[in-house]
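K.L.:
Using numbering that gives the first Met the number 0, you'd call the opening residue of the sequence shown number 0 and step up by one each time.
Please keep in mind that the hints were generated in silico from the structure rather than gathered at the bench.
All C-beta atoms in this analysis are idealised placements derived from N, C-alpha and C, irrespective of residue type, glycine included.
A couple of the hints might just be wrong.
Said to hold, decoys possible - Using C-beta positions, here's what the derived DEER-type ranges look like:
| hint | residue 1 | residue 2 | range |
| --- | --- | --- | --- |
| 1 | GLY555 | ARG631 | 16 to 26 Å |
| 2 | SER278 | ASP257 | 26 to 36 Å |
| 3 | THR406 | PRO536 | 42 to 52 Å |
| 4 | GLN263 | GLY615 | 38 to 48 Å |
| 5 | ALA239 | GLY217 | 15 to 25 Å |
| 6 | PRO509 | ARG448 | 26 to 36 Å |
| 7 | PRO75 | ARG95 | 34 to 44 Å |
| 8 | LYS94 | GLU186 | 22 to 32 Å |
Claimed, not checked - Result set (BS3-like, lysine-lysine): computed pairs, CA atoms no more than 30 Å apart in a straight line:
| hint | residue 1 | residue 2 |
| --- | --- | --- |
| 9 | LYS139 | LYS94 |
| 10 | LYS256 | LYS226 |
| 11 | LYS588 | LYS139 |
| 12 | LYS256 | LYS94 |
| 13 | LYS632 | LYS425 |
| 14 | LYS226 | LYS94 |
| 15 | LYS532 | LYS425 |
| 16 | LYS588 | LYS94 |
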Amino acid sequence: MQRLGSYQLEGFLAKGGQGAVYRARHVELGTPAAVKVFEGRDAKQLARFEREARILVRLPPHPSLLRVFDFGRDGPRAWLAMELVQGEDLGSLLKRAGRTPDVAWTCRTLAAAADAVAFCHRHGVLHRDLKPANILLEPKSGRVVLADFGLLLLSSDSDVGSLDAQRLSLTGEVRGTPAFMPPEQAEGDRDALGPPADVYSLGATLYYLLTGRPPFEGSSTVNVLYKVLSEPPPDPRHVAPEVPAELATLCRSAMAKDPAQRPQSARAFAAELRRIGASLQGDRKETPGEPPASIPSTADAPPSPGRARRRGVLAAALGVPLVLGLLAALAASWLAGHRPSNSPPLPDPPRRDSAPEPAEDLERQERDLRLPADIAIHALVEFQGALVAGTYGAGVFRSDDDGRRWTYQNAGLSCPEVLCLRVDRKEPDVIYAGTSFRGGLYASRDGLRSWQLVLHDRSDVRAIAQTAEGTLYVATSAGAVFALDGDGASARRVDADLPGAPCRALVADPERPRTLYLALEERGIFRTADGGKSWQPAARRQPHGKAWALGFGPDGALYAGLAERGVYRADRDGWTRVGPENYPRERTKAIVNDLVAWGGALFAATSGGVLRYAGGAWRVLDEEAALSFLVRKHRLYVGGESLRTFALRATDRSAAGAGSRPLRRR
Numbered sequence: 000m001q002r003l004g005s006y007q008l009e010g011f012l013a014k015g016g017q018g019a020v021y022r023a024r025h026v027e028l029g030t031p032a033a034v035k036v037f038e039g040r041d042a043k044q045l046a047r048f049e050r051e052a053r054i055l056v057r058l059p060p061h062p063s064l065l066r067v068f069d070f071g072r073d074g075p076r077a078w079l080a081m082e083l084v085q086g087e088d089l090g091s092l093l094k095r096a097g098r099t100p101d102v103a104w105t106c107r108t109l110a111a112a113a114d115a116v117a118f119c120h121r122h123g124v125l126h127r128d129l130k131p132a133n134i135l136l137e138p139k140s141g142r143v144v145l146a147d148f149g150l151l152l153l154s155s156d157s158d159v160g161s162l163d164a165q166r167l168s169l170t171g172e173v174r175g176t177p178a179f180m181p182p183e184q185a186e187g188d189r190d191a192l193g194p195p196a197d198v199y200s201l202g203a204t205l206y207y208l209l210t211g212r213p214p215f216e217g218s219s220t221v222n223v224l225y226k227v228l229s230e231p232p233p234d235p236r237h238v239a240p241e242v243p244a245e246l247a248t249l250c251r252s253a254m255a256k257d258p259a260q261r262p263q264s265a266r267a268f269a270a271e272l273r274r275i276g277a278s279l280q281g282d283r284k285e286t287p288g289e290p291p292a293s294i295p296s297t298a299d300a301p302p303s304p305g306r307a308r309r310r311g312v313l314a315a316a317l318g319v320p321l322v323l324g325l326l327a328a329l330a331a332s333w334l335a336g337h338r339p340s341n342s343p344p345l346p347d348p349p350r351r352d353s354a355p356e357p358a359e360d361l362e363r364q365e366r367d368l369r370l371p372a373d374i375a376i377h378a379l380v381e382f383q384g385a386l387v388a389g390t391y392g393a394g395v396f397r398s399d400d401d402g403r404r405w406t407y408q409n410a411g412l413s414c415p416e417v418l419c420l421r422v423d424r425k426e427p428d429v430i431y432a433g434t435s436f437r438g439g440l441y442a443s444r445d446g447l448r449s450w451q452l453v454l455h456d457r458s459d460v461r462a463i464a465q466t467a468e469g470t471l472y473v474a475t476s477a478g479a480v481f482a483l484d485g486d487g488a489s490a491r492r493v494d495a496d497l498p499g500a501p502c503r504a505l506v507a508d509p510e511r512p513r514t515l516y517l518a519l520e521e522r523g524i525f526r527t528a529d530g531g532k533s534w535q536p537a538a539r540r541q542p543h544g545k546a547w548a549l550g551f552g553p554d555g556a557l558y559a560g561l562a563e564r565g566v567y568r569a570d571r572d573g574w575t576r577v578g579p580e581n582y583p584r585e586r587t588k589a590i591v592n593d594l595v596a597w598g599g600a601l602f603a604a605t606s607g608g609v610l611r612y613a614g615g616a617w618r619v620l621d622e623e624a625a626l627s628f629l630v631r632k633h634r635l636y637v638g639g640e641s642l643r644t645f646a647l648r649a650t651d652r653s654a655a656g657a658g659s660r661p662l663r664r665r
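Please take these sequences and the hints and turn them into a complete structure.
P.N.:
Okay, structure coming up:
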């Protein structure tokens, strides 16, 4: 069949309103994908498609988000390559099971979906069509996947597109699914839409999972919209009296008419679900690792009599309508043939088989250490004896008392979306901040009192590294690598030998004066020994997968964190997976964001928590998403949605937990 970009089409999957979906495979990596092909678009629509597809591609990966890999044009046709997911949506699962699921199962599953929603909000994207049909569940792994950004909306501070404050909707236009739509969306008031709108839809989805029916029903769309606007949130216990009162209260508060009365964020909604679900599990005293009796797993369900066992291959994709600036829905479609005659039970999400475990060398101390809602720490450095945090959405903060008090340090920093920080070793009073494409590379030379823009490449500054001989290098999402000359007043390109691909990570060899290692999306990991004049693969064979993090281990070797594949170690011939036999199974889909050697062990900051590799074994230290590390004064600082630390004891060089206070704007 035909090839589109780097994808070879292998077979037809489904036909949708905007085009056809095909099973495909990446010609170099051999990885499967679903490719949506849009036919018969004019030049204006194709240009719009490219703008909107770029938004989807630039969204960072998350374990519970359907991923968009690539897009392109082939004459009058446009195409979008997406993750191929095996599974079924929650609405279909409930209909086939003929009953509502276990309440604790509902809490765990919807909390995972809410995590993905919170991640999108943190990157400036609203979903606007959350409902059971757009939450998928893989039957074998139990992975929860949020799909179908058909009504995607960019908030005014979004980083993932080039539309700035423009919203992808029409003034006064009502779009979405009425029964799960918040009142402000039903009124067509686009300016009133924000993260609370998606929280409402999560509450409506919770109502459906608890009762088996949507919160508002009517004989027509107009009738349903009228109820959404005028009737109070229904109590799920009126339909299902067995629903716990605490969960019913959370459901109704999420569907409050006033957005200010709802849970403050999707992350807060997820936390409440997990707390309630954990208390319910404790009341029933279920055996760990076993699914609830009422919801047996379909992963091991026998095939229907006389039929081959089938799994629907869901080409769930993020469709892009090329009309009026809206991203259209690519509905979930099946390669399922016919369905079994009996109704298989609902699958149970996987229980964590490697949760944080108590150990003699680990003491976790919990403190009130939270950032403002939907803000995350992407970078941590020590500067002039202070702790400096670069956050995505709130700029730079400084603490002179080890995190107990924080001050806002953003004068002159026009872009608050900080991705990386670096202190100049040659001039320790100079600090650099790399931001999203809205800004560029900034420098502060006056103790963080002000920032100046020193490089603007119209792309994200993904990494800043400094070689052993002192030259600073900058890598961007456009695939450019710059060397800063002198005091950073000028920059020169040093990427002539590199294949064109977005940069993900850049590190300098601490022992070789001009040696750098660079990770490029889907193209591999490259090395230069002459400061960027020439580049070559870091090993004879490139790793299979996208490298998101690079770092040196306690043995001095180079390590790479590959998206959804784990951690790999470089040797002369290629890359070897580190500890594959006991790498936490449920974190295989997690993204490795940072790697650091500390206390004789290798630490990985992942979207599924902090991992430590020592003595040939992996251990999970915590389960909260981690984005960055800093080793400082016998402590390992971890940045993410919060800031936490692990203390290195002088006696046994082991880790113990510690913490500090929330960042506050001042």
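K.L.:
Could you tell me whether the CB distance from GLN263 to GLY615 stays inside 38 to 48 Å?
P.N.:
43 Å, holds
K.L.:
With the threshold set at 30 Å, check whether the alpha-carbon distance from LYS139 to LYS94 stays at or below it.
P.N.:
20 Å, holds
K.L.:
CA of LYS256 to CA of LYS226, is that 30 Å or under?
P.N.:
11 Å, holds
K.L.:
Does LYS588 pair with LYS94 here, judged by a C-alpha cut-off of 30 Å?
P.N.:
Holds, at roughly 28 Å.
K.L.:
Please test the hint of 34 to 44 Å on the beta carbon pair from PRO75 and ARG95.
P.N.:
40 Å, holds
K.L.:
Take a look at whether the Cβ-Cβ distance between SER278 and ASP257 falls inside 26 to 36 Å.
P.N.:
28 Å, holds
K.L.:
For ALA239 and GLY217, compare the CB-CB distance with the range 15 to 25 Å and indicate the outcome.
P.N.:
Between ALA239 and GLY217, where Cβ atoms are some 20 Å apart, the hint holds.
K.L.:
Quickly compare the C-alpha distance for LYS226 and LYS94 to 30 Å and report which way the hint goes.
P.N.:
24 Å, holds
K.L.:
Hint check: LYS632 vs LYS425, CA-CA at most 30 Å. Holds or violated?
P.N.:
21 Å, holds
K.L.:
Indicate whether the distance between the beta carbons of THR406 and PRO536 respects the range 42 to 52 Å.
P.N.:
44 Å, holds
K.L.:
Going straight from one Cα to the other, do LYS256 and LYS94 come out at no more than 30 Å?
P.N.:
Distance ~29 Å between LYS256 and LYS94 Cα, so the pair holds.
K.L.:
Within 30 Å, alpha carbon to alpha carbon, are LYS588 and LYS139?
P.N.:
14 Å, holds
Consistency note: the structure conflicts with none of the earlier hints.
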